[in-house]
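Trainee: Let the sequences and hints guide you as you build the complete structure.
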Amino acid sequence: MFPTPIEKRSPAGRAAYQALLPVALILWLLPLIAVAVFSIRPDADFSNANYWGWPSSFEGVSNYSKVFLESDMPRYLLNSVLITAPTVLGAVALSAMTGFALGIYRFRSNLWIFFMFVAGNFVPFQILMVPVRDLTLDMGLYNTKTGLVLFHIAFQTGFCTLFMRNFIRALPFELIEAARVEGIAEWRIFWYVVLPLMKPALAALAVLVFTFIWNDYFWAVVLTQGVESQPVTAGITSFNAQYRAAYHLMSAGSIVAALPPVAMFFAMQRHFIAGLTLGAVK
Amino acid sequence: MTQATLPDTHPGRGRSWWRRNQIGITPWLFLAPGIAFFALYVIFPIFQSFDVSLHAWDGLGEPRYIGMENYAELAEDPAFYTSLRNNVIWLLLYLLAIPAGLFIALFLNQTVTGIRLYKSLFFFPFVISQVVVGLVFTWFYDPTFGLLNIVLGWVGLGPVNVLGDPAYVTYGIIAAGLWPQTAYCMILYLTGLNAVNPEQIEAGRLDGAKGWRMLWHVVLPQLRPATFIAFVVTIIGALRSFDLISIMTNGGPFGESRVLSFYMFEVALSEYGFRMGYGAAIAVVLFVIMLLFIAYFLWSMYREERDR
Chain A
1 MFPTPIEKRS PAGRAAYQAL LPVALILWLL PLIAVAVFSI RPDADFSNAN YWGWPSSFEG
61 VSNYSKVFLE SDMPRYLLNS VLITAPTVLG AVALSAMTGF ALGIYRFRSN LWIFFMFVAG
121 NFVPFQILMV PVRDLTLDMG LYNTKTGLVL FHIAFQTGFC TLFMRNFIRA LPFELIEAAR
181 VEGIAEWRIF WYVVLPLMKP ALAALAVLVF TFIWNDYFWA VVLTQGVESQ PVTAGITSFN
241 AQYRAAYHLM SAGSIVAALP PVAMFFAMQR HFIAGLTLGA VK
Chain B
1 MTQATLPDTH PGRGRSWWRR NQIGITPWLF LAPGIAFFAL YVIFPIFQSF DVSLHAWDGL
61 GEPRYIGMEN YAELAEDPAF YTSLRNNVIW LLLYLLAIPA GLFIALFLNQ TVTGIRLYKS
121 LFFFPFVISQ VVVGLVFTWF YDPTFGLLNI VLGWVGLGPV NVLGDPAYVT YGIIAAGLWP
181 QTAYCMILYL TGLNAVNPEQ IEAGRLDGAK GWRMLWHVVL PQLRPATFIA FVVTIIGALR
241 SFDLISIMTN GGPFGESRVL SFYMFEVALS EYGFRMGYGA AIAVVLFVIM LLFIAYFLWS
301 MYREERDR
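Line by line, the protein sequences are chains A and B. The numbers in full-length UniProt numbering rise by one with no breaks, and the one at position 62 of the first sequence is 62. The numbers in full-length UniProt numbering rise by one with no breaks, and the one at position 191 of the second sequence is 191.
Check each hint, because a few of them may be wrong.
[What the hints assert, rightly or not] Some chain A residues near chain B, calculated using beta-carbon distances under 7 Å:
1. F2
2. L32
3. T98
4. Y105
5. F115
6. F122
7. V132
8. T157
9. N215
10. T233
11. G279
It should be emphasised that the hints constitute simulated quantities derived from the structure, not laboratory data. The beta carbon of each residue, even a glycine, is placed where N, CA and C say it ideally should be.
Mentor: Following this line, the structure appears as structure tokens:
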């Protein structure tokens, strides 16, 4: 193990490490802790410039219930869910198929098609912006959740194909050969042999795509406008305009907007990290 | 009649055609929906953008062909050069996320109680949306109540309005971006360190290697795949920087914090007017820069595929 395990050090060294850990963590998360503290302060603290002193009262409940009951925040959260969930399903389904085709079959253009997906996944969003906005307008889907979902599915298919194909390549090929010898149709091999083995990849991708799409801001701004279709990342700016200088509410709103992917991360941590670190180990 | 009897004389002819060609056709059936979507929304738009960049277009009326005029205008545009300079600063400074992530990973690569929770919490900034990271850091830098200026005050340094000062603004936004990016690199290296061969470490110890020498000669070579991915995602992240700039400064003050991706958006879709052609020209420049890196990434992947 590198660095030297702490158990092999002197007791003093061990104690120092144990003490250093929480200090380092607090420093690392300091900007976020500050916002969390803001979100439970009363309005009066900000007008009295009591930013960092002891809060004059704890208004967590009232601040957060204002966010949920008196603002458009619930609507934005719902929009985010309605954009994210279909995207996850669509992108995972499409890429399970492309990944299967590119991972199992050998044909001449295989690697080129694979590289097309990988390269497309890396392009800057701006090179797509004008044509995709135009296409969405032409289809009558501008400022709709559907328009956003369709684009997200298409774009995420690039990354997901990279992931799925590499995962399927690592499966034992003998399984497929054995199935072929048995005379099983190719689509049945996909459905009954490969798909069950892909469960960990499907889970990892689902969590990753959920986080990517939930946190998307650029396309939300380009393809949607109003409260009826904007996700929470774009909605938070209108929310902040509505509560200008009400830092306790803006902080509470930000935390609410950030929470769903955080919850997803903690619930599915293993899959999440397996997905993100794909290829980091040989 | 003869036609009707044909299937009997050659039983299962239709099926055998499918049987013979099944393996050749199946992959294309599986690829079709994915390729169709990807072509429509990603591949064609790249070429369309090249075309739009040769036109003057407000997004509504008829586009008017003007040849290379947009590019000629770019060459004279000081805002374009500011954005380009900032992109270079972003690229260079963003790479700090890699050593910083390695440093934190080494710090956390222990097995004390509760270390898993610590690792998760250190990773936390990456999961939050950049919009929230931007808001959090805007308040962190605030000249009246920001924590940064309170800490600076303790050591006797005057209040700095990081986001209002053209000299600091880009660095302030990059620091905010480094926060989640470092967390990402950290998790890549933690995974990499997990797989480091313990026998080689022991052999290195017997040879008297430790500390920096051990890290440089024994550990880092084994972390190469993690470093490669950290490099890829950091470069892409640096060139994609948009959310933070839009949230924290909206390109200001005096347009000093613009990068190409933000300037393009501003030109094409904001109150400065809808100049789609000019915006597309900026996007093409950004794309060409990115293409150099994409070509390098694909080349590395290609070599690896070939070696298999």
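Trainee: Evaluate each hint against the coordinates.
Mentor: Hint-by-hint comparison with the structure:
1. For F2 of chain A, the interface hint holds, since its Cβ comes within 7 Å of a Cβ in chain B; the closest pair sits about 5 Å apart.
2. Interface restraint check for L32 of chain A: the shortest CB-CB distance to chain B comes to about 6 Å, inside 7 Å, so the restraint holds.
3. Given the 7 Å rule on beta carbons, the hint for T98 of chain A holds: about 4 Å separates it from the nearest Cβ of chain B.
4. With a least beta-carbon distance of about 4 Å to chain B, the hint placing Y105 of chain A at the interface is held under the 7 Å criterion.
5. Given the 7 Å rule on beta carbons, the hint for F115 of chain A holds: about 6 Å separates it from the nearest Cβ of chain B.
6. Satisfaction of the interface hint for F122 of chain A is found here, the shortest Cβ-Cβ separation to chain B being roughly 5 Å, below the 7 Å cut-off.
7. For V132 of chain A, the interface hint holds, since its Cβ comes within 7 Å of a Cβ in chain B; the closest pair sits about 5 Å apart.
8. For T157 of chain A, the interface hint holds, the least distance from its beta-carbon to any beta-carbon of chain B being 5 Å, beneath 7 Å.
9. Of the supplied interface hints, the one on N215 of chain A holds, with its beta-carbon coming within about 4 Å of a beta-carbon of chain B, less than 7 Å.
10. A cut of 7 Å between beta carbons decides the hint on T233 of chain A: the least distance to chain B is about 5 Å, and the hint holds.
11. The beta carbon of G279 of chain A comes within 6 Å of a beta carbon in chain B, closer than 7 Å, and the hint placing it at the interface holds.
No hint from the list above goes unmet by this structure.
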